[in-house]
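**Student:** Okay, here's what each chain looks like letter by letter:
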Amino acid sequence: MVNNKGFVKILIIVLVLSMIILPLISAVVSADDDNKIVFNFLEDTEDILEPKIFYNKDITITGRALENTTININKYWYRLPRKKSIISKEKSQEPDYDLGKWIFSCGFSEIVGASQIFIVPVRINMGKYKIEVTAINNNGEITKEIVVEYNDKEQINKEFRTRIFGDLDLNIE
Amino acid sequence: MVILKLEKLKTTILILLVLVSIVLTTRIWLDISIEGIFIMPKDNVIKEEKKDVEFDSLAFIKPEKMIINNNGKHTLLFNDSEKGALYNRILEEGMAFLGNLFSSKESMSYDILPIENLNKIRQGSNVEIILPFSFDVDILASILGFDKTDWIDIKGVDSIIMSFDSNLHYILDKKEGSLYEFNPIDLKSNMKFLLDMINKFETYSYVFLNELDSEKFSDDVFIPAYSSSFKLPRVSVTSEIQDKDLKDIAASFLNIEAGSLRSIVEPNGTVIYSDGSEKGMKINKDGLIEYVSYTSGIILKKSILSINDLVDIATGFIEDHLGFPYDTYISSIEKTDNDGCIIKYNYRYEGLPIINDNLGLKDLVEIEIAEGKVKKYKRLIRHIKETGELKDIKNPLSIIDILYKRLHDKNMNLDEIKIMDAYLAYMEFDTEKDIFMLPVWVLDVITYEGNRGKYIMNAETGVILSEPY
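Sequence lines, in order, name chains A and B. Per the working numbering, residue 1 is the first one in the first sequence, and the count goes up by one each step. Per the working numbering, residue 1001 is the first one in the second sequence, and the count goes up by one each step.
Hint data in this document are derived by calculation from the structure and do not stem from the laboratory. Treat the hints loosely; a few may be bogus.
As the list claims (entries may be wrong) - As a list, the in silico DSSO-like pairs of lysine-lysine whose alpha-carbon atoms are at most 27 Å apart: (1) K57/A <-> K1083/B; (2) K1247/B <-> K1378/B; (3) K57/A <-> K1065/B.
Said to hold, decoys possible - Residues from chain B shown here face chain A by an in silico Cβ test under 10 Å; the list is partial: (4) H1074; (5) L1076; (6) S1398; (7) L1403.
As the list claims (entries may be wrong) - Pair by pair, the computed Cβ-Cβ distance ranges are: (8) L1014/B <-> E145/A: 50 to 58 Å; (9) R123/A <-> L1024/B: 34 to 42 Å; (10) N139/A <-> P1468/B: 32 to 40 Å; (11) I13/A <-> D1147/B: 55 to 63 Å; (12) L1414/B <-> F104/A: 57 to 65 Å; (13) G107/A <-> L1361/B: 42 to 50 Å.
Note that the Cβ used here is the ideal one computed from N, Cα and C, for glycine as well.
Make the full structure from the sequences, and use the hints.
**Tutor:** Following this line, the structure appears as C-alpha cells:
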C-alpha cells in the first residue's frame, strides 16, 4: 500500500518535472542559429569573433573584401586533452590532464572578384573547431578567427528524453 | 481485501493517465512522433476536401524556386529525378494549406507582419515556395476550386512558407509589402517527416547575397556555395515535330481530314495550313507551331467563366493538341476582355527552366481563350535526352565577376546596377542542322534608371551569349 502510494508520488513528480523541464529544454534546443559566418574585411571589426554553436554540419564562410584580395581559410579541430597514465601521475604530481591542442585540418584559398564577396563551404563534425581567415592584399594582411562547435539537435533531444524517461520502470506488480 | 483491490485499480488508472499525459506533453513540446504510440494521421479533412478540387489545373501551379531553410542552412530543392517525389509532396502540402485558407476566413487566425521579417523567418526551419509570378488571390482560389475568397486584403501571393517544426504558415504579399502569419490548427501537416527525408540527401548550402550587400542584390539572389566542382548533364534535343507528318498535326488542330487541308509553303520553309474558313495554323521548320481560330464561341454566362474554367479549357485543348511536356508550369495568367485570358506555360528539365533565346519566345507554350474558346495557341517544345556527358559549371560568383567586367567595359557605373535574380537554366542554341541545349547562368539585372534585362552566360565557359543592353 505504502509502496503504491510512493510510486504514484514518483509518477506525479516525473509528470510535473516533465511539464517544467521539457519546455525549457525545447526552448534551448530550438534556438536558431544561422549557419553562415561573415568575415567583413571592408570594415574595421573585431579580429576574434564570438564563438558560435551550429546545429548543422555544413557551415558557410562568407564575407566581404576588396577586389583582388587573397582569402586564406584554415580550419583547425580541437584535440581533447589526453589523460596521463597512473605512472606519470605518481611521478610528476602534475595535473590529470594536458591542455587541448588546435590541429590543422584543411585550408582553402580564394581570390575576391569584383563582387567583393567570397563564399566557401566548410564541414564540421562533433566537437570544437577554429576557423581562421586571412585577407592579403596591397594594403597588408589581416587575420580574423572564430571558434565554432557542432551540436546534434536530435541527439540532444534524444538524450534528454532518455534521461527523463529512460529509467522509468513500468512493470507494475 | 476489497479496499486493497480498489486501491490497486485506482493506482493502475492513475498510472495510465500519467503515461498518457507524458506521451501527449512530449508530443506537444518536442513535436516528435512516437512510433507505435502516437502518430499523427496522414489523411485529414483538408486532404479529403482537396480531392474535390480540379487537380488538372492545380498540377500546373509549380514554384519558381523551392527553398529549404534548415536551422540556418539554405538549399534549393529541384523537381529532378532524385528528389522530385519529395518536391511534389511538399507542393501538395502547400496546396493543402491554401485549400484550408480559402475554405474559410473566419476560422483562421492570422497576424500581419512587416516584410522585413522575411530574413528572420528564413533563419528558421521551413520551406519557402516562391511562385513564378504574383498570383492574384482570386485566381489562385479559383484554380483551387473556390468560387470566391474572403481574403481580399491579400493582393498577391508571391510565396508560401511552411514551418517544419511548428504549424506556422506564411504568405508573402510583395504588392502590399506584407507577410501574413497563420497558425491553422485544423491543418495537420507532414512537414517534420518531409524534413527528415530531405536531410537524407546531400545538398549544397546556398547564400542569400542581399544579406551581404542589399544595395547590389535583391532578396531573390540565392546562390550555391560549391566546395568542389559542380556538374550538369549535357543534353541533346530534337524538335517535337521531327519525324512527324506535318499534315497530320495540322489536320488534328483544324479538325478536318488531311486531304481537305489547304497549305502554302513560305520561302523560309514555314508551312501555313487552313481549313478554308475559320481556322489556320503555321508550322515553322524550327518547330514553332502557331494556331489561330476566328470563330465566335457561345457566349457563356459570366459566372461560369471562372479562371478555373479557363485553365481547364486550356488544359483540355493542349492535352488534345500535342500535350504537355514533363514538368510544365503556369508562368503567367493575364485576364483579357470577353471573360478571357492568356495563359502562358513553361517547362523544366531536371528542375532547370528551358530558355529559347533564338526565337525570342519567352514562354514556350501560350494560349489565349475568349468567349469560352481557344483563339490562339503557340508552342515550341523540344524532346530532351541526356548524352551521358557532364559539364563543369562555373561558380556563380565568377559569373557575377564576368558580368561586372562587361558592365565596366561598357562604362556603366557598377554602383548603379542591382542584380535581381541569378539562376541556372538550359538554353536552346540552334544551328543549320542541329539543336543544342547549353547549361547557362541567367543574371536578371536592373539599372537605377529602371532598365531591366537578362544577361545569359554559358555556365561552363562564362561566355556571354545574350545581353539586354
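**Student:** Give a verdict on every hint.
**Tutor:** A quick look at each hint next to the structure:
no. : hint                           : verdict
1   : K57/A <-> K1083/B              : 21 Å, holds
2   : K1247/B <-> K1378/B            : 17 Å, holds
3   : K57/A <-> K1065/B              : 24 Å, holds
4   : H1074                          : 8 Å, holds
5   : L1076                          : 14 Å, violated
6   : S1398                          : 7 Å, holds
7   : L1403                          : 9 Å, holds
8   : L1014/B <-> E145/A: 50 to 58 Å : 57 Å, holds
9   : R123/A <-> L1024/B: 34 to 42 Å : 38 Å, holds
10  : N139/A <-> P1468/B: 32 to 40 Å : 36 Å, holds
11  : I13/A <-> D1147/B: 55 to 63 Å  : 56 Å, holds
12  : L1414/B <-> F104/A: 57 to 65 Å : 38 Å, violated
13  : G107/A <-> L1361/B: 42 to 50 Å : 48 Å, holds
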